[in-house]
Amino acid sequence: MFDKTLAELAQGLKQGEFSSVELTQAYLARIKSEDDKYNSFITVTEEQALTQAQAADEAIAAGTSGAFTGLPMAHKDIFCTEGVRTSCASRMLDNFISPYNATVVNKFNAAGAVMLGKTNMDEFAMGSSNESSFYGPSKNPWNTDCVPGGSSGGSAAAVAAQLTPAATGTDTGGSIRQPAALCGITGLKPTYGRVSRFGMIAFASSLDQGGPMTKSAEDAAMMLNVMAGFDKHDSTSVDREVPDYTADLNKPLDGLKIGLPKEFFMDDLDADIAAQTQAAIKEFEKLGATVKEVSLPNTALSIPAYYIIAPAEASSNLSRFDGVRYGYRCESPVDLEDLYKRSRGEGFGPEVKRRIMIGAYALSEGFYDAYYNKAQQIRRLIRDDFAKVLSEVDVIMGPTTPHPAFKIGEKSSDPVAMYMEDIFTISLNLAGLPGMSVPCGTVNGLPTGLQIIGDYFAEQKLLNVAHQFQLATDWHTQSPQGI
Amino acid sequence: MSLDRSDVDKIAHLARLQIEEQDAPEYAQNLSNILELVDQMQAVDTTDVAPMAHPLDAVQRLRSDNVTEENQREQLQSVAPAVENGLFLVPKVIE
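Protein chains in written order, with the working numbering: chain A, 43 to 525; chain B, 3 to 97.
Only chain B is shown next, with the shape it has when bound in the complex (with noise of 0.2 Å):
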């Protein structure tokens, strides 16, 4: 699989990242090259086998209903980039 450089574009849109203009061929050759050793994966006949997603097969561990954690939100917001009034600002989204 190769990719060119609309396809690292739309990749990186899906992504939402940033990607210079000048570093886009090497992006496209890097992950040309990782999807190329990925594909080693198409050879293996995996019908029938079970997709594995957690090594011990654990399932997802219930709680009682409760509330158990506390408000932290003035410590939690402390590290953030912009606050105003417990809310987190962003540039405007609606005109």
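Okay, chain A solo, but in the shape it has when bound (with noise of 0.2 Å):
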């Protein structure tokens, strides 16, 4: 049962196969007895997912059931949730009970969805392994002495362990695909503003957003289905029509153009990687599409970009961190100074400090025009070279990431080397694009992802790029040894 895609359950509540209430026991069951091998879940919400199943049953028995009826599922511990904490995996809000649910949130109890709980993260979304979470890193099912990837990892892990049938998650820079790359999932980062961030913790406002992270394309879409649409709360939140994105899952790909950027094929990736994103790109011309080799010549300044951008948004976010009005203060200040510096030096970790400092410094007086501006150009070039390239084809492809998972402590020690294996994802936030990973292979027993690329708002294409892919291969299906 728990190898069962969040498609196949929705066929079995409804033929009554189980019941929610059954599916949602087994689920919180393996939790407790599986997730201390994973670290994959901060807070499990047992009764209230109960109380969701029983719910869920009703309607189904009633007949007023939809799509997502019964179907347990996870949210990151970014996304509020009314009465449960809501963590971000820091210090700073280990006390914190959100007095309200996300928009995400609201939309999935009224599809009537169950939540497992809140998973795993980095800190703060701020991290590319899960290292840099309060509660301890989250681990990789197919190798535990292996980073998830991050900052989703938790979500990620849940998932490839059979935790929970799929799970929520957020992407600023890759913390949905590298994630899902690296833990052998399916996750699709939606184009900016597609996703309302109402109530979704912010890091960096103008790349945040939130998606799927399930076992298949199908699921995705099944997914998104519910995530997606307009909300007044959000002000970057774009007012357009959701289309039903399963709908198109079964076109087929005949004459599809695939392009290829040059510049994710070098230097630093991984052989094994570039022979199975090959691998993969041949399957598509099998299944009748045509490949070219398209240049993003500006690919290597999406890192420097976007560790200026970052960082400059997220310490203004997280200014709102000041030990008065929720979360973490500080033992005795002696003034309003101390109170402010001590509650925020205490309640963030290592890696939150030190991108609040690079933002404060890039935002400070006489280094605007060199730092956040220059970014802000830089910006513009990486956007233009995708706009030019997928005028040209349908969607780009290439490796979701340099390397596969890397052992837990290995990169720690140098945020540099760390912030590199986001190479091929960041430039997408940056765009505000839609980007999918997809599994497509292992290298040493670790799980690898291709990433799939389109333009703004060309979701459905991707999901059915993805979805055809699915039912020619069979990587999405495999399993860690001994799950």
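One or more hints might be untrue.
Stated by the list, open to error - Incomplete in silico selection of chain A near chain B, CB under 7 Å:
no., residue
1, Pro141
2, Tyr234
3, Ile350
4, Tyr382
5, Arg384
6, Arg386
7, Gly387
8, Ile398
9, Ile420
10, Val458
11, Ala473
Hints were generated in silico from the structure; no laboratory data involved. Positions of the beta carbon are idealized from the N, C-alpha and C atoms, including for glycine.
Reconstruct the complex from the two isolated chains, following the hints.
The following block contains the structure:
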């Protein structure tokens, strides 16, 4: 049962093979017995889950159920959940019981979903390994000595370990796609503005975007159907019709034009990952696609530009954590400045402090033009590169990451080495484009991902392309040994 | 761009962050490495390139000037570290 996709579970619920309560109990029991190995959940919401499952079973019996009714899932602990701790994996919010729901959470509740709990992540979503979590790192189910990736590492590990059939994630520089690749699951970062950011704790507001992390492209489509849509509470939410993302899944790929950026196949790319990416491209050719080399010349600049823009926005967003209105407050402050400094100094971990300081520095007097303004100019160059290529091809493909999962602790002493792992994913966030990662092979027993990039609001196309790949291959159905 | 201890102290103060004395050298080193990474940008000629603030070049949405929010003060203050009579409490700022 635990290897079933959302689509299969929905079928089982509909046909009465099992109830939502039975399904939920089975998953809760599995989390209880197995998650010690993976540390993928920060909070398990057993009681609420069973209440939601009961309501779902009643809706199914009454004939008022929808496509998502009764399906278990988990939320990354960055989404505010009313009455449930929302920690963002930080000591700062360890005591924070959210007084309201994120829009994404409301949407899943309204769709009849069952929330199993809140998943582990890098602190405030700042990281590519899950090691910056206040609750300790989540572990990769394919090899528990390795990181699951980040920042949505708990969501990826939980899906890969079959502790939940699906989970939400957020992606600011690759935080859905990179852990999806390293854990052998499917992840989708939608177009900026497609999914509401309201109640999704802000890291870098012009880059953050929530999305699904699942076993298959079909499941990602089902989840995006719930998540996407305009929200008046999010000032950058896009007011645009939401299509049925499952509608185009079965379209043939005959004539699909694929661009391979030469900058994605250079220097530091692991040779096995390069070979697997090429093998995946061959599958698409068999399905009728044509392939051509393209160029995204400013790819290498995406990391420098990102490490100004994201920290600058983070330093501004995280100024709200001041020990006054919610979250951690230091013991016996002597004055207001001491209250601010010690609450923040004790409440934030080292990576968060580094990024806040980089941002504060880049935005400080005299440096704005050299850093923030320059980065925003480079951002336009990167966006224009994509626009040019996407006027010639339907989708861009390449590896999601340059390497498979690395060992826990291997890169934690060198932040810059860690940042380089996001070289293929970061540019999409700067451009605001949608991207997916789907499993396409393994290297030494560790999964690797194929990244599929499309034009603005081309999620339907991406899901179609990914689904057809998954009909032709079985990488996405493979599980870690013993699971 | 290389930062020293006094730069770290200054930036930490701007960001209202307490940095422990023994951690300062490591921050100075890490922040210098990050700034070295981002300095790659300076080699690029961006004359006449307009800065891009929003991927879709969207503009701020406007709404009519009506009160739409309900008062949720009690609920929102229920998670505050210290409140009294609907006010957030902080250490004394005026002698």
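So, going through the hints one by one against the coordinates:
no. : hint   : in the structure
1   : Pro141 : holds (5 Å)
2   : Tyr234 : holds (5 Å)
3   : Ile350 : holds (5 Å)
4   : Tyr382 : holds (4 Å)
5   : Arg384 : holds (5 Å)
6   : Arg386 : holds (5 Å)
7   : Gly387 : holds (3 Å)
8   : Ile398 : holds (5 Å)
9   : Ile420 : holds (6 Å)
10  : Val458 : holds (5 Å)
11  : Ala473 : holds (6 Å)
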